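One line per chain: the protein sequences are A and B, in this order. Quick note: the first sequence uses my numbering, first residue 1, plus one each step. Quick note: the second sequence uses my numbering, first residue 1, plus one each step.
For the record, the hints were derived by calculation from the structure and aren't laboratory data. As the structure is a prediction and not an experimental result, all values here were calculated from the model. One thing to keep in mind: the hints can contain errors.
Claimed, not checked - Distance ranges between label pairs, derived from CB positions:
#, chain 1, residue 1, chain 2, residue 2, range
1, A, TYR53, B, LEU56, 28 to 36 Å
2, B, ASP137, A, GLY39, 51 to 59 Å
3, B, LYS31, A, ASP45, 43 to 51 Å
4, A, GLU22, B, LEU175, 36 to 44 Å
5, B, GLU158, A, GLY119, 21 to 29 Å
6, A, GLY55, B, THR35, 46 to 54 Å
The beta carbon of each residue, even a glycine, is placed where N, CA and C say it ideally should be.
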Amino acid sequence: MAMELDYDRSLYGVEHQAGPFEITDEIIDRANSSTGETGAAFRSDEGAKEAGYRGRIAPPTLCCILVRQVSLPDVKVKFGKTQMHAGQRVEPKAPVYAGDLLTASSHLKDVYAKTGRSGTMVFVVWETTFTNQDGQVVAEVQESFAKRE
Amino acid sequence: MYLDMHSHSVSSDDSRATVEQYVKWIQVLRKRGHTVDGIVLTEHRKFDFDKDYSDLATQYDVLVLKGSELDTRYGHFLVYGVTEALTQEIDFGDVRMDARALMQAARQHDAIALPAHPGRFGIGLTDYIDQGESFDDVEIVERFNGGSRPGENERADELCDSHNLLGIGGSDAHLTSHIATCMTDFKAPIRKETDLVEALLSKEFQPVWLKDVLTGDAST
Numbered sequence: 001m002a003m004e005l006d007y008d009r010s011l012y013g014v015e016h017q018a019g020p021f022e023i024t025d026e027i028i029d030r031a032n033s034s035t036g037e038t039g040a041a042f043r044s045d046e047g048a049k050e051a052g053y054r055g056r057i058a059p060p061t062l063c064c065i066l067v068r069q070v071s072l073p074d075v076k077v078k079f080g081k082t083q084m085h086a087g088q089r090v091e092p093k094a095p096v097y098a099g100d101l102l103t104a105s106s107h108l109k110d111v112y113a114k115t116g117r118s119g120t121m122v123f124v125v126w127e128t129t130f131t132n133q134d135g136q137v138v139a140e141v142q143e144s145f146a147k148r149e
Numbered sequence: 001m002y003l004d005m006h007s008h009s010v011s012s013d014d015s016r017a018t019v020e021q022y023v024k025w026i027q028v029l030r031k032r033g034h035t036v037d038g039i040v041l042t043e044h045r046k047f048d049f050d051k052d053y054s055d056l057a058t059q060y061d062v063l064v065l066k067g068s069e070l071d072t073r074y075g076h077f078l079v080y081g082v083t084e085a086l087t088q089e090i091d092f093g094d095v096r097m098d099a100r101a102l103m104q105a106a107r108q109h110d111a112i113a114l115p116a117h118p119g120r121f122g123i124g125l126t127d128y129i130d131q132g133e134s135f136d137d138v139e140i141v142e143r144f145n146g147g148s149r150p151g152e153n154e155r156a157d158e159l160c161d162s163h164n165l166l167g168i169g170g171s172d173a174h175l176t177s178h179i180a181t182c183m184t185d186f187k188a189p190i191r192k193e194t195d196l197v198e199a200l201l202s203k204e205f206q207p208v209w210l211k212d213v214l215t216g217d218a219s220t
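Construct the entire structure; sequences and hints are all you get.
Listed below in structure tokens is the structure:
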């Protein structure tokens, strides 16, 4: 018998917006501090200009923090009792500068089951696109959550 | 020739290695004196009809073939020689499919399906046999798996010996430097997926560890 996943499929194709997020020097400082980032381009305008940027830039993983600001609906997966965060990955598309205003748009990318040493798990995958004030896509973040039997 | 029969690229949800990284790493292995002729990409629960790695294969002189690793209710199964007709008959995303039906459908469509990492605790074929299940169509299993924990390949060895099964080897690589840690030594030359199925049916192969495949002409 095939495993038919029961969840809210009407969420496919729906975009969930958040923002704008102002990328202040303070936010970049905190992101640097949390990850131990010491790159000159992330710490000052001067360092960034030496590296060829027009001003101070944020570390690429900043959008992995901002993504948690998007309010996502319950996918209502009828499987398992335990849910956990299953990982993130970010694909930087363009520099994020201090002073930028970013908006986020998230959509349900996939819901699928897999089996392994831990038994059967169902993964819910969200994809979020970050865009700056000029309409330029600066990052795409994929975030997964797993439900376990 | 030596083929890594089990590997995952970024096309799988849990791998971070690109095919280009794999074929480049194989150049490193060759410089160290190892023989690695090719890899089979066995992506999880899918088959990538749309992906073409022939340019990379030519550039780096590495045979790059495509297969699948499917979840079944009796553990994971590697599928070689996947055809569109097979994907129409079998739902590759169904993690509860009957492995016996998969094996039969594979043969009907000129492919072959065999158990991956059968000694894996909790999900290997060995556990299901111990529970009383029987798999009469299984003649080949993945005897050497590069992702196994201590004891798991030994369980696969025991399974092969007790059931008179043939074995292949695959790295189960999800990271670049894991590619080709285990391979299969085929007597026949293989150039495409249908050759691979024929070579498996010929039963003229054996699993090997990378460390045992040295030409002795490593460059520094």
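So, going through the hints one by one against the coordinates:
no. : hint                              : verdict
1   : A:TYR53 <-> B:LEU56: 28 to 36 Å   : 33 Å, holds
2   : B:ASP137 <-> A:GLY39: 51 to 59 Å  : 57 Å, holds
3   : B:LYS31 <-> A:ASP45: 43 to 51 Å   : 44 Å, holds
4   : A:GLU22 <-> B:LEU175: 36 to 44 Å  : 38 Å, holds
5   : B:GLU158 <-> A:GLY119: 21 to 29 Å : 24 Å, holds
6   : A:GLY55 <-> B:THR35: 46 to 54 Å   : 52 Å, holds
Going down the numbered hints, you'll see the structure goes against none, and every one checks out.
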